[in-house]
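*Asks:* Residues per chain, in single letters:
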Amino acid sequence: MGGTRWYRILALLCLLGGGLLGGSPLVMAQHATGSDVFSGEQAFQNSCANCHGKTGNQIANVDLGHGVFRKPYSDADLTDIVMKGIPGTPMPATPSMSREQAVQIVAYLRSRALVKDAGAGGDAARGKALFAGKGQCLTCHRVNGEGSRLGPDLSKIGLLRNSAQLAVSLLDPGSEVQPTNRTYRITTKGGQRVTGRLLNHDAYSVQLLDEQEQLRSFMRADLRDEGFAPSPMPSVRGALSDQEVADLVQYLTSLRGVSPP
Amino acid sequence: MNARLLPLCALLLAAMPAMAQVTAEQLLAPGSQPDNWLSYSHDYSNQRHSPLTQINTRNVDKLKLQWVWQAHSLEKFEATPLVVNGVLYTVQAPNDVVALDAVTGRIFWTYSHQPSPARTCCGRVNRGLAIVGDTLFMGTVDAHLLAIDAKSGTLLWNAVVADAAAQYSITMPPLVVKDKVYIGTAGGDLGVRGFIAAYDVKTGRQVWKFYTIPAPGEPGNDTWTGDSWQKGGAAVWNNGAYDASANLVYFGTGNPAPDWDGRTRLGDNLYSDSVVALDADTGKLKWHYQFTPHDELDYDSTQVPVLADIPWQGKPRKVMLWANRNGLMYVLDRLTGEFLLGKPYVEVNWMDGFDAKGRPHRAPGIVPTPQGTLVRPHVHGAINWAPPAYSPRTGLFYVAHWEHSGIMAIEGQFPQSVGINARQTTMGDVTLEPFLNNDDEARGVIRAYDPATLKPKWEYKLGNITWGGVLSTAGDVVFSGGKDGYFVALDAKGGKLLWKAALGGQVNAGAMTYAVNGKQYVAIAAGAALFTFALP
Chain A
1 MGGTRWYRIL
11 ALLCLLGGGL
21 LGGSPLVMAQ
31 HATGSDVFSG
41 EQAFQNSCAN
51 CHGKTGNQIA
61 NVDLGHGVFR
71 KPYSDADLTD
81 IVMKGIPGTP
91 MPATPSMSRE
101 QAVQIVAYLR
111 SRALVKDAGA
121 GGDAARGKAL
131 FAGKGQCLTC
141 HRVNGEGSRL
151 GPDLSKIGLL
161 RNSAQLAVSL
171 LDPGSEVQPT
181 NRTYRITTKG
191 GQRVTGRLLN
201 HDAYSVQLLD
211 EQEQLRSFMR
221 ADLRDEGFAP
231 SPMPSVRGAL
241 SDQEVADLVQ
251 YLTSLRGVSP
261 P
Chain B
262 MNARLLPLCA
272 LLLAAMPAMA
282 QVTAEQLLAP
292 GSQPDNWLSY
302 SHDYSNQRHS
312 PLTQINTRNV
322 DKLKLQWVWQ
332 AHSLEKFEAT
342 PLVVNGVLYT
352 VQAPNDVVAL
362 DAVTGRIFWT
372 YSHQPSPART
382 CCGRVNRGLA
392 IVGDTLFMGT
402 VDAHLLAIDA
412 KSGTLLWNAV
422 VADAAAQYSI
432 TMPPLVVKDK
442 VYIGTAGGDL
452 GVRGFIAAYD
462 VKTGRQVWKF
472 YTIPAPGEPG
482 NDTWTGDSWQ
492 KGGAAVWNNG
502 AYDASANLVY
512 FGTGNPAPDW
522 DGRTRLGDNL
532 YSDSVVALDA
542 DTGKLKWHYQ
552 FTPHDELDYD
562 STQVPVLADI
572 PWQGKPRKVM
582 LWANRNGLMY
592 VLDRLTGEFL
602 LGKPYVEVNW
612 MDGFDAKGRP
622 HRAPGIVPTP
632 QGTLVRPHVH
642 GAINWAPPAY
652 SPRTGLFYVA
662 HWEHSGIMAI
672 EGQFPQSVGI
682 NARQTTMGDV
692 TLEPFLNNDD
702 EARGVIRAYD
712 PATLKPKWEY
722 KLGNITWGGV
732 LSTAGDVVFS
742 GGKDGYFVAL
752 DAKGGKLLWK
762 AALGGQVNAG
772 AMTYAVNGKQ
782 YVAIAAGAAL
792 FTFALP
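Chains A and B, in that order, give the protein sequences. Mapping to my numbering: the first sequence position 109 is 109, numbers consecutive. Quick note, my numbering runs 261 ahead of the 1-based positions in the second sequence.
Just to be clear, a hint being listed does not mean it is correct.
[Said to hold, decoys possible] 30 Å max Cα-Cα, derived DSSO-like pairs, lysine-lysine:
1) Lys547(B) x Lys128(A)
2) Lys780(B) x Lys189(A)
3) Lys325(B) x Lys754(B)
4) Lys134(A) x Lys722(B)
5) Lys463(B) x Lys604(B)
6) Lys325(B) x Lys722(B)
7) Lys189(A) x Lys325(B)
8) Lys463(B) x Lys439(B)
9) Lys744(B) x Lys718(B)
10) Lys463(B) x Lys156(A)
11) Lys547(B) x Lys604(B)
12) Lys757(B) x Lys780(B)
Since the hints were derived computationally from the structure, they do not count as laboratory data.
Chain A on its own, in the form it takes in the complex (with noise of 0.2 Å):
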């Protein structure tokens, strides 16, 4: 894999409002984000799925899995055909959907063409020993009960996040966090800083899991100032190469959760 793929990868999912990069099938839908994508997939496995199948390779020549179509289609191209449908052809118009839909269903499309290039040439086994080795992913991570309960839990990321998205996060681990992740900071009227991972708040207190993952609860009466904070996990940019990030994701893709003893 190139050495400057990945970034330009990125660069791609990260650009707003380019304009310049429709019909790619290596381009995610412009201004897409996690959250379009995992809408889009709703939406197209609710109104698309039943003909195109669930990986969307059930008709000849079409693996919208795989960013395969007919033939080049821009963004809204493809956001007219799947409001609109195609004339003369089985593929019908759905008036019922939203214009905001039909771009999440082509974020989505888009977001799986990535899916096969992101861990294309990965290695889980070797990607599971940068996880726990070079990337110490464990000292924030916990899978399958080993490692640190700061991050998130990713003993089923592989079924909660396709590859593309777990590139962008490991490549540009703030352009999205779930708001179970994020982390916050108070500092109490005697002066103690505590940071952690948000759990719950209300009016008069706050929950957290602390850097010690001890779970924590304050008065906010009793605090001098709070907030958010920046993600603490660093990007792998320039620390890994692109192999290594193609273990990694090969790796992350393969977490499904608990097995049965």
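Since chain A is already given, all that's left is putting chain B on it; use the hints.
*Replies:* Just chain B, lined up with the frame of chain A:
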């Protein structure tokens, strides 16, 4: 090391992993953890006695509500919480584990298990959790055993204990000793074959399994006729105890099935309605004592065994105290199973004495008949599963139970629309008519017994029957509650009412107490909520 990863190293230093919350050694020495409540009935002895003294007989009348946590469940709230270092863990029925700040009641995390549509005899309930290290354990109504990370609420492993489709379910709190977690199942009313199984706490792999009904060729199988042993019940659905000096775990077993019809299962039906003492490492049976041989009255012996060291005829003795559903109270030697003393503690008509070895003598004719037979105590028993308490300070055994309860058992009218839960299909060809027909029938009572004689020392009458357990504290206060929704505090020495709170919902659990930052709290589930009290 790659310089780009240095920030990770800094993070590592800032985030040294915390020590395990609860060690196996701490579970063996609960006195080292006075502020915590580490197992269902506080510790392995099940004395349900806390050493905390801040709340005591002199100030308990000043208790004030601190917080209420409302469960999103209309099932009975039967769980006793655990508290570890200021975090309270409980179960929202059927199987949601919730971690709360023990000071404010605010939620840290919730783990939700969605059980399959398992069939239970008596509600999709759960009585609580066990913990060792940083791992919580919960049995589920679809007969799984789950290990859950206590810090984050993530699932660590999920072991299938039994087939829910075959009527197995789990409602009991697991018991953890050293590196094993012990669990049994409910389903005795539905014709399962009961067992206790031990699992490795780290991996969830089964280490041993002890069937509470022996298979052909094993001692005791000859106490069942035909193939009745295969679906004979004897389920284990309540908390066990552990004696470290003998390395024995103790569990009570449930009724034989069919519950009210013994004609197809002639014999004593071992080990139904018994206490079994098992080697904690191997599951090998060390001894057993059967409370109700050939039970035809549904007298499960799944009450919580209470272990105490008491003077017995001038010498110290390791005993087991047992207030049984069958209306009899027992003192057993817990090392040998020897029957030391037994006597009725409520009105009993199904037996009229013991032989020298403690086998009850059945009163003739107390079985269902076409004309109907009055049976005492009631099908729900003198006590059902609610946990009692023992105070080493007062030397008294505290039990909340039903008084003067009875029921009419009628053969040949099942199923009928009255009297019996129609789902209990293995009850047999019997109808049970409630027999609570005058003002003095079937009330609840909290009573203190002298374990040396089993004579009552004091009693406090409740306004209704009770499914609540008892808590004893070193402040010499006894807490309990009942169906009428009152939570009461009594003087442990004399039974005088010291304080009460109307909680607006039935008390179906045992109270517990803990301390955080030097402040003692008392918690009790009532209705669908958990209430917590402390001094102002």
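*Asks:* Between the alpha carbons of Lys757(B) and Lys780(B), is the straight-line distance 30 Å or under?
*Replies:* Judged against 30 Å, a Cα distance of about 25 Å means the pair holds.
*Asks:* Does Lys463(B) pair with Lys604(B) here, judged by a C-alpha cut-off of 30 Å?
*Replies:* Roughly 43 Å between the alpha carbons, so the hint for Lys463(B) and Lys604(B) is violated.
*Asks:* With the threshold set at 30 Å, check whether the alpha-carbon distance from Lys780(B) to Lys189(A) stays at or below it.
*Replies:* 22 Å, holds
*Asks:* Starting from Lys463(B), check that the Cα of Lys156(A) is at most 30 Å away, please.
*Replies:* Cα-Cα ~19 Å, so holds.
*Asks:* Tell me if the straight-line CA distance from Lys463(B) to Lys439(B) falls inside 30 Å.
*Replies:* 11 Å, holds
*Asks:* Verify the proposed pairing of Lys189(A) with Lys325(B), using a straight-line Cα cut of 30 Å.
*Replies:* 28 Å, holds
*Asks:* Hinted pair, alpha-carbon criterion (30 Å max): Lys744(B), Lys718(B). Please report holds or violated.
*Replies:* 24 Å, holds
*Asks:* Between Lys547(B) and Lys128(A), is the straight-line Cα distance small enough, at 30 Å or below?
*Replies:* It is violated: about 47 Å lies between the C-alpha atoms, which goes past 30 Å.
*Asks:* If you draw a straight line from the CA of Lys134(A) to the CA of Lys722(B), is it 30 Å or shorter?
*Replies:* Since the Cα atoms of Lys134(A) and Lys722(B) sit roughly 68 Å apart, the hinted pair is violated (cutoff 30 Å).
*Asks:* Is the hinted pair Lys325(B) and Lys754(B) satisfied, with a Cα-Cα distance of at most 30 Å?
*Replies:* 23 Å, holds
*Asks:* Under the criterion that the straight-line Cα-Cα distance not exceed 30 Å, is the pair Lys547(B), Lys604(B) satisfied?
*Replies:* 25 Å, holds
*Asks:* Is Lys325(B) close enough to Lys722(B), meaning Cα to Cα at most 30 Å?
*Replies:* Roughly 24 Å between the alpha carbons, so the hint for Lys325(B) and Lys722(B) holds.
Going through the hint list in order, the structure does not satisfy hints 1, 4, 5.
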